[in-house]
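Visitor: Sequence:
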Amino acid sequence: VYFIGSEGRFVKIGYSSNLAKRYENLQCSTPYRLNLLAHVPGGTRKLEKQYHYRFSEHRVVGEWFNLHADIKEEVERLRLGNAAN
Numbered sequence: 000v001y002f003i004g005s006e007g008r009f010v011k012i013g014y015s016s017n018l019a020k021r022y023e024n025l026q027c028s029t030p031y032r033l034n035l036l037a038h039v040p041g042g043t044r045k046l047e048k049q050y051h052y053r054f055s056e057h058r059v060v061g062e063w064f065n066l067h068a069d070i071k072e073e074v075e076r077l078r079l080g081n082a083a084n
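When you number the sequence shown by this note's numbering, it's gap-free, plus one each residue, and the end is 84.
There may be inaccurate statements among the hints.
Straight-line Cα separation of at most 20 angstroms, SDA-like style, residue types lysine to any residue; simulated pairs [as the list claims (entries may be wrong)]:
| hint | residue 1 | residue 2 |
| --- | --- | --- |
| 1 | LYS45 | SER5 |
| 2 | LYS45 | GLU73 |
| 3 | LYS71 | VAL59 |
| 4 | LYS48 | ARG32 |
| 5 | LYS11 | ASN81 |
Since the hints were derived computationally from the structure, they do not count as laboratory data.
Given these sequences and hints, build the entire structure.
Guide: Okay, here's the thing in structure tokens:
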């Protein structure tokens, strides 16, 4: 499960078994610079759906969400957790 940001305004919450390839494909399909904000190693499609539900009020379209403070907080929590590992 990944959080990929665009222009500091939007974030895509998605799932991929090959994050590097997914990032590359997303970057090739947009003129905006994307940044990997956070990821959940070993994340599942179920976890992705839970995030989509949790942040549904911030959904823009599909798997893209406004980068709301709630989502920023989760990204920071994930970054801190991944840094500890």
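Visitor: Determine for every hint whether it applies to the structure shown.
Guide: Hints versus structure:
no.	hint	result
1	LYS45 <-> SER5	violated (24 angstroms)
2	LYS45 <-> GLU73	holds (17 angstroms)
3	LYS71 <-> VAL59	holds (16 angstroms)
4	LYS48 <-> ARG32	violated (25 angstroms)
5	LYS11 <-> ASN81	holds (19 angstroms)
In summary, the numbered hints that this structure violates are 1, 4.
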